[in-house]
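*Asks:* So you can see what is in the structure, the chains are spelled out below.
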Amino acid sequence: MTYLSFFKAECLTLFRSKQRVVNALLFFVLVVVLFPLGIDPSADFLAPAAGGIIWCAAALSVVVSIESLYKESYADGTLTQLVVSGLSLPWLILIKVGVYWLAMMLPLLLLTPVFAQMLFLPSDSLLVLLATLLIGTPGLFLIGSIGAALTVSLKQGAMLMVLLILPFYFPIIIFSTAAIKAIQFGLPYGGLLALLAAISLLALVVAPVMTSLCIKASVR
Amino acid sequence: MMAFDSVADFLQMGTHGGFVWSTYGLVLLILTGLILNTLQGRRKVIRQLKKRYLRESNS
Amino acid sequence: MHSVAILTISDLWVERGESDLLNGLSFSARSGDVVHITGANGAGKSTFFKALLGLLPILSGSMTFNGDSLTQQRQNFLNNTLYIGHSAGLNGALTVMENIRWYLPKCSEKIVEQALSELSLGAFAETQLHALSAGQVRRVALVRLWLSEQQIWLLDEPFTALDQGLISMLEAKMAAHVASGGIVILASHLPLAHLSYLQVEL
Amino acid sequence: MSWIWFHKLGSPKWFYQWSSKWATAVFLIGLLATLIGVGWGLGFAPTDYQQGETYRIIYLHVPAAVLAESCYFSLGVAGFVYLVWQMKMAPIFIKSMAPIGAAMAAIALLSGAIWGKPTWGTWWVWDARLTSVLVLFILYMGIIALQNTLEDVTLANQAAAIVSVLGLINLPIIKYSVNWWNTLHQPASFSLTKKPTMPMDMWLPLLIAVIGFYCLVAGLAMWRMQSEILLRERRTQWVKEKVMNDGV
Numbered sequence: 001m002t003y004l005s006f007f008k009a010e011c012l013t014l015f016r017s018k019q020r021v022v023n024a025l026l027f028f029v030l031v032v033v034l035f036p037l038g039i040d041p042s043a044d045f046l047a048p049a050a051g052g053i054i055w056c057a058a059a060l061s062v063v064v065s066i067e068s069l070y071k072e073s074y075a076d077g078t079l080t081q082l083v084v085s086g087l088s089l090p091w092l093i094l095i096k097v098g099v100y101w102l103a104m105m106l107p108l109l110l111l112t113p114v115f116a117q118m119l120f121l122p123s124d125s126l127l128v129l130l131a132t133l134l135i136g137t138p139g140l141f142l143i144g145s146i147g148a149a150l151t152v153s154l155k156q157g158a159m160l161m162v163l164l165i166l167p168f169y170f171p172i173i174i175f176s177t178a179a180i181k182a183i184q185f186g187l188p189y190g191g192l193l194a195l196l197a198a199i200s201l202l203a204l205v206v207a208p209v210m211t212s213l214c215i216k217a218s219v220r
Numbered sequence: 221m222m223a224f225d226s227v228a229d230f231l232q233m234g235t236h237g238g239f240v241w242s243t244y245g246l247v248l249l250i251l252t253g254l255i256l257n258t259l260q261g262r263r264k265v266i267r268q269l270k271k272r273y274l275r276e277s278n279s
Numbered sequence: 280m281h282s283v284a285i286l287t288i289s290d291l292w293v294e295r296g297e298s299d300l301l302n303g304l305s306f307s308a309r310s311g312d313v314v315h316i317t318g319a320n321g322a323g324k325s326t327f328f329k330a331l332l333g334l335l336p337i338l339s340g341s342m343t344f345n346g347d348s349l350t351q352q353r354q355n356f357l358n359n360t361l362y363i364g365h366s367a368g369l370n371g372a373l374t375v376m377e378n379i380r381w382y383l384p385k386c387s388e389k390i391v392e393q394a395l396s397e398l399s400l401g402a403f404a405e406t407q408l409h410a411l412s413a414g415q416v417r418r419v420a421l422v423r424l425w426l427s428e429q430q431i432w433l434l435d436e437p438f439t440a441l442d443q444g445l446i447s448m449l450e451a452k453m454a455a456h457v458a459s460g461g462i463v464i465l466a467s468h469l470p471l472a473h474l475s476y477l478q479v480e481l
Numbered sequence: 482m483s484w485i486w487f488h489k490l491g492s493p494k495w496f497y498q499w500s501s502k503w504a505t506a507v508f509l510i511g512l513l514a515t516l517i518g519v520g521w522g523l524g525f526a527p528t529d530y531q532q533g534e535t536y537r538i539i540y541l542h543v544p545a546a547v548l549a550e551s552c553y554f555s556l557g558v559a560g561f562v563y564l565v566w567q568m569k570m571a572p573i574f575i576k577s578m579a580p581i582g583a584a585m586a587a588i589a590l591l592s593g594a595i596w597g598k599p600t601w602g603t604w605w606v607w608d609a610r611l612t613s614v615l616v617l618f619i620l621y622m623g624i625i626a627l628q629n630t631l632e633d634v635t636l637a638n639q640a641a642a643i644v645s646v647l648g649l650i651n652l653p654i655i656k657y658s659v660n661w662w663n664t665l666h667q668p669a670s671f672s673l674t675k676k677p678t679m680p681m682d683m684w685l686p687l688l689i690a691v692i693g694f695y696c697l698v699a700g701l702a703m704w705r706m707q708s709e710i711l712l713r714e715r716r717t718q719w720v721k722e723k724v725m726n727d728g729v
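Chains as they are written, first to last, in our numbering: chain A, 1 to 220; chain B, 221 to 279; chain C, 280 to 481; chain D, 482 to 729.
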């Protein structure tokens, strides 16, 4: 096994099970739709809330779908093979999470302008929204990966995983929606994007190591 | 030297006695629960271990 | 030339849940050795492999690899080791060929196809693994084993779901592997028919 | 510097014996100090010129809030110690401390809400402090849930340690972000810190109550850790003798 062959295998596996990604995206769409349906369809409410709605929907669909990231490899023994492959487990995890991020975020970023339009988000905010998604979601995926590894050995781990991980998403959601609010009020938002980047970078350093510790403890 | 003139005043706590006293009641409840839970957990562990050791020495 | 012990285990104890396992297991393996670990269910055969691979902490005892502590040589050891456990460790979404090529990217397709047909899997090269039967999946794991370059094979119950012909075939492959300087450590409740081996009872 | 204390602390047997000597005393001191502090605050401290008598909730609210955060900090440190040195006592500490911390956070939240109604006219405001204590409470519940769900002890240890450490890294970020978010949404009109400095005879009982809570929590934690030690070390001879001979 090499890092490259693992990367290829991951891409192939995800491509074969694309329904998983499609489901997560549909979930995202449904959560977005819930807000106009459940609260208020008028532009007065939606326009200022649009950034927050899209972010909440994104965070929820990430946390729900990433729960099964390691489930199948755990069941079929490939996770054990990764641990004993002699390659560095944190790097393999980074590849796995990275591939999943690409597969889910590319379509999500393409969907976002459509929903921004439907939620009456002013067009100058759209770019900031896309920037926050691009910078902030790696943090969501990396933190989610830890949660997925924590609960990989549980059959009914989804709820526990959401309970554990969602609080760690709060800062990312707060800074992202704050950046979108900032541009709507004509305030500077660069600092907020930098904060988001800092959180994602911190997660990039910490999460693969933590995930690998959990996985090593789980596959025994 | 108490800050209140009478027991009635003390129980009244100005205008919001209900709030103050219900807080104290709730906290008392939670803390007692925690202490009882701690002591009971200890008894349970010891009972459980005793049973286990007795079974072991019998077999 | 085969006198130097590559892997030495001495007085190994591992804690697993309620009990201490392995009973101070000791043996040493030189290149060319087949070590056959036997023992009742729950005696710790799988536990031993997990301790060897660093998945379980050891309670006491020592393990050395090429004369150095195994814990310090872990990476080196894992690079020279191929472990096949109870589950085959193959990805159900990938085809047979993709599975093998994922583990062995340097192997050419031709060689893989040859090995596949040897195990009568030739027709399934482009079949996704979850469409195969348990026995077939087991055989794919064997293909991976045969094409690997690792010196040490760690096989946990390798004969499960194999018929008599395949068992003899696997034994022959093990014989060939140790003849070329390899080491095989296997745990199984079956005796080996066609091999000379070092038996370790747990 | 001698590291012997560190190694001793890592030994469940040593800790059990050491804490047997201290747990009850510390708990009783805590109980006494809490009663003195709270009683003083309730009956003898002067009336607040702004809030009247209602402010007396502070003598429970502040100690609980302080403890909720201190407990979480200690969990994070224990998690770190476990991940780095695999010290046996660390997961025992985490498991024993999490429910106590959760109780403290619950007290802080409830007393805060009840205090809020007469002073702010509402049970809850999305104030930075309240929100971050709420997050803290959820984090505690997460750790407890994780410990109760994972059956493999080693895995549960590892998982709880990891979540604790993550929380330690994340708590300042959460606090900062919530603070930030709060100032964006509404001016911080209900800040405790903005009040004029407390007179001596108001904060002295508060100080005593805080110290009392600390001791109370320490005593409880020792007892809970002792039970956990007995359970985890059940296969050792000393636990067997302890349980069978003196019934502990």
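Rather than coming from a laboratory, the hints here were simulated on the basis of the structure.
Computed from a prediction, not measured in an experiment: that's the story for all the values here.
Please note that the accuracy of each hint is not assured.
[To be verified] Simulated pairs of lysine-lysine, BS3-like, Cα-Cα distance not exceeding 30 Å: (1) Lys18(A) / Lys216(A); (2) Lys452(C) / Lys71(A); (3) Lys216(A) / Lys155(A); (4) Lys216(A) / Lys569(D); (5) Lys216(A) / Lys389(C); (6) Lys155(A) / Lys18(A); (7) Lys656(D) / Lys264(B); (8) Lys271(B) / Lys656(D); (9) Lys270(B) / Lys569(D).
*Asks:* Which hint numbers doesn't this structure obey?
*Replies:* Hint check: 2, 5, 7, 8 fail, others pass.
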